[in-house]
Amino acid sequence: MKNGLVALNVILLIAVGVLFYLHFSSRRTNAITEKKSGQKDYADKTASQDGCKIAYFEMDSVAANFEKAKEMKNELEKKEDRINEEMGRLQNTYQQKFVFLQQHGSTMTNAQVESAKAELTQLEQGIKDTKASLDQEYNNYYVQAQQEILSMIRKFCGEYNKDKRYAIIVSNEPGLIFYKDSTMDITKDLLKGLNEMYVKKKAAKKEKEK
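Each residue of the sequence shown is one higher than the last, beginning at -19 in my numbering.
Simulated from the structure, these hints should not be mistaken for laboratory data. Wrong hints could be hidden among the right ones.
As a list, the in silico BS3-like pairs of lysine-lysine whose alpha-carbon atoms are at most 27 Å apart [as the list claims (entries may be wrong)]:
1) 186 <-> 135
2) 59 <-> 168
3) 33 <-> 185
4) 172 <-> 185
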């Protein structure tokens, strides 16, 4: 009986040893598999990120060197000067009539005073209407020119990226991007393409107007 118990204990010890081996061997195998799987996922993710190229262009440079943008800036400055000149003229006229009424109101008849006041009211309203009209003209031109520039940029980028070398093309403005790879800068190509496109567009417009 005693020998039987000893034999049984030996068998149990062997069984327990086998179970421990299988348990830890399985955990080690799973750990290695998970590690390899994680490395593969990371490699796949890195490869995917490397394949997502982002190009950029400097918007300040476009504003300074694209002919259409320079023309827009010059035209806006002319419109601003016109607004300031016209508003200055109307305000001077109003001020002169207002001062005249103050200085001579006491010697004028009631009818003359009322007429002068009505004229001032009309002038004041005219100033507001003129300012609103000139501002609207200014804003309309700005929006139209801005949309034309953006449309040309989109068109160029579409043609430039026909080979799908870039996943994204963005404009960079001061303070927007904190790090950039200069090899992804397409500003020079963009400006060359935009100016060539604009020259053709102006030539076609002149030809159409003949």
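Outcome of the hint check:
no., hint, in the structure
1, 186 <-> 135, "holds (21 Å)"
2, 59 <-> 168, "violated (31 Å)"
3, 33 <-> 185, "violated (37 Å)"
4, 172 <-> 185, "holds (20 Å)"
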